[in-house]
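Visitor: Line by line, the protein sequences give chains Y and F.
With positions in the first sequence counted from 1, the corresponding number in this note's numbering is that position plus 318.
With positions in the second sequence counted from 1, the corresponding number in this note's numbering is that position plus 209.
Check the hints yourself; a few may be wrong.
[What the hints assert, rightly or not] Computed beta-carbon distance windows for the label pairs:
id	chain 1	residue 1	chain 2	residue 2	range
1	F	F544	Y	T374	56 to 62 Å
2	Y	A411	F	F544	19 to 25 Å
3	F	F222	Y	N487	25 to 31 Å
4	Y	G456	F	L506	50 to 56 Å
5	F	F222	Y	E486	33 to 39 Å
6	F	D623	Y	S322	24 to 30 Å
7	Y	G456	F	L610	40 to 46 Å
8	F	L610	Y	A411	26 to 32 Å
9	Y	G441	F	F222	24 to 30 Å
10	Y	K516	F	I520	23 to 29 Å
11	Y	N521	F	L610	50 to 56 Å
12	Y	V382	F	L567	17 to 23 Å
[What the hints assert, rightly or not] Derived pair list, reagent style SDA-like, types lysine to any residue, alpha-carbon separation capped at 25 Å:
id	chain 1	residue 1	chain 2	residue 2
13	F	K626	Y	N385
14	F	K626	Y	L387
15	F	K218	Y	Q420
16	F	K214	F	S226
17	F	K393	F	V585
Source of the hints: derived by calculation from the structure; they are not laboratory data.
Here the structure is a predicted model, which is why all the values come from computation and not from measurement.
Using N, Cα and C, we set each Cβ at its ideal position, and we do this for glycine too.
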Amino acid sequence: MLLSCQNLSVTHAGQKNLIFLDFKLEKGESLLVLGNSGSGKTTLLNLISGLLKPHTGSVILDGVDLNSLSSQEMDRLRGSEIGIVFQKPHLIAALSVKENLQIAKSFSRKEGQNIDSLLAVLGLESKANSSINTLSEGEAQRVSIARALVNSPKLILADEPTSSLDDENTSKVIQLLKSQAQNIGAGLIIVTHDQRVKAHISNFIEVKSA
Amino acid sequence: MNLIKLSWKYLTFRPLSTGLNVLLLALGLAIMTVLILIQDQFEKKVTTDAKGIDLVVGAKGSPLQLVLSSVYHVDFPTGNIPMEEAQKLAKNRLVKGVIPLALGDNFKGFRIVGTNYDYLNIYESTPKSGSLWEYPFDVVLGSEVALQTGLAVGDSFAGSHGISVGSHDHDQHDYKVVGILEQKGNVLDRLVLTSIESVWLTHEESETETDSLSSALPSESINHEKFHQKVAQTGFPISDQPREITSLLIQYRNPMAAIQLPRMINSRTTMQAASPSFEMARLFELLGVGVSLLQGLAIVLLGISGIGIFIALYNSLKERKYDLAILRAIGASRFQLLFLVFLEGIMLTLIGALIGILLGHLFLQILVSQNDSGVVAAFESWVFLKEELWLVLYALSVGLLASMIPAFSAYKTDISKQLTRG
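Model the full structure from these sequences, guided by the hints.
Guide: Structure follows, in structure tokens:
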């Protein structure tokens, strides 16, 4: 088993308590986490990636209980084993396309993927040295996917990756994430309110605010 | 790609802000570098040039002017003194040695100094080529004079009246270069040395020519016999008529002389005595005010650049809070973010420090190149001092201080909150 989340709950100061359903994910498997705005989808994603500590419960990734890790160990694990695709690409504008991938690689101790090959697979080979500001929205989204994949993580987390895309591009992005996750044998969790994604990933859970 | 490269990329991504901060810092440090270089070299020169000279005696006037003109050769002499009186003083029991000086002419701004071999001995200077003067109008050039005028042993030139450029030439009799001194890094490098007799004869000739023109006497009547008599190599020249010299450099016989001799000369003779060490200490005290002002200006500039760096880093952090959150999300630790911001501050100040120090040396080079024959002309602009390393450390501490708050702000970035906002 790749990931197991049990009895997860989190309390934000001055806000309601968020309690999440238990779920498990096998290697190479994809999971869709659906929920409306404010239901705690992104909070769940932050808990899984170790960016947030749960109030109760545990996240076990490939046999490692994230609660047992120190802050530095968690940073290292996240850099090597978890790839995150954000709702907006949020690339570092001071760096070129290739440098955005290189900086992600520098925080990992793994060999990871060859950057040029990865860019070629995603159709970005001609953009390797381009400035981030010259990219189209679709290209920037693909670069952010490449950044999540570059260290060949065990788990890929995508937060609302299709929220601003039309049907055609939604399909392309989801297929790309799925195929790339399968290529490297990683688990994939997509967190979204976009019901269109259900057409591509049948395995889903719903998050509802209590 | 590592954090150093990332910091560099962030700095070059906002070139105007980075450039302005580097410029401010560099200007502050350039002023400090120039001050350090000038102060160091000036103090060394003052000490070297006054080595072996305890007292200067000359015509009454400003004592500082007397010291500057007779020891450092940078100011106008206060006037002349009768040689007879100078000779009397030389016999005083408190005087160990005297060196007479006769000033009044220059060649292309380099002063022609009439003296004897003792003057060279106090600086332990010997000719690199040729020999010392033996006859009137023989001259020995300082190394800097030879270099800048291109004169060599055997060449001749006409001296100009006065001690600064632009006066009329003494073209009745040319000086002949018989030797060039080795470079010693002292005042002799910038002087044209000859016998006192040469200076007397030059002015005697000028006067005779004027007289002969006015009285319509033939110029052949001038007696040139003296030109072929050997000049005095030590002590005073022999003369059958009353003569004047410009000043007298004195070495004390014992410490008691320092107390008694100046007082005696100033109160009982028509001459004045000035101590180089006392006068230069007074000059440093006067210059100290200006130096302190410039140092203050440099510190203000450094302070402003420190605030500028702080504001630039703080603002840029506000702009890239999400970048920092992303960096954490892709595996950067809190310490790496802290280090990243500190690195930016350090790189900014290191570049500023290096440019500032180079600018400082360049400023001094320009200053030196615009002064052909003054004290400044002897300054070395590309000498690097240990104190300059302190400037770099000082700049780095400004950078560290300015980055402290932005760096801790980056350290404390709440990633999950930031990513949720994004």
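Visitor: Within a Cα-Cα threshold of 25 Å, do K218/F and Q420/Y meet the stated pairing?
Guide: holds (13 Å)
Visitor: Mind checking the hinted window 50 to 56 Å against the Cβ distance between N521/Y and L610/F?
Guide: holds (54 Å)
Visitor: So does A411/Y sit 19 to 25 Å from F544/F, Cβ to Cβ?
Guide: holds (24 Å)
Visitor: Does the Cβ pair F222/F, N487/Y satisfy 25 to 31 Å?
Guide: Roughly 29 Å apart at Cβ, these two residues keep to the hinted range, so it holds.
Visitor: Check the hint pairing K214/F with S226/F against an upper bound of 25 Å on the C-alpha distance.
Guide: holds (18 Å)
Visitor: For G456/Y and L506/F, compare the CB-CB distance with the range 50 to 56 Å and indicate the outcome.
Guide: holds (55 Å)
Visitor: Is 26 to 32 Å right for how far apart the beta carbons of L610/F and A411/Y are?
Guide: At 28 Å between Cβs, range holds.
Visitor: Is the hinted pair K626/F and L387/Y satisfied, with a Cα-Cα distance of at most 25 Å?
Guide: holds (21 Å)
Visitor: Does the hinted range 23 to 29 Å hold for K516/Y and I520/F at CB?
Guide: Since K516/Y and I520/F have Cβ atoms about 49 Å apart, the given range 23 to 29 Å is violated.
Visitor: Could one say that the CB atoms of D623/F and S322/Y fall in the range 24 to 30 Å?
Guide: holds (27 Å)
Visitor: Taking 17 to 23 Å as the stated bounds, is the beta-carbon spacing between V382/Y and L567/F within them?
Guide: violated (53 Å)
Visitor: Please check whether G456/Y and L610/F have a Cβ separation lying inside 40 to 46 Å.
Guide: holds (45 Å)
Comparing the model with each numbered hint stated earlier shows that hints 1, 10 and 12 do not hold.
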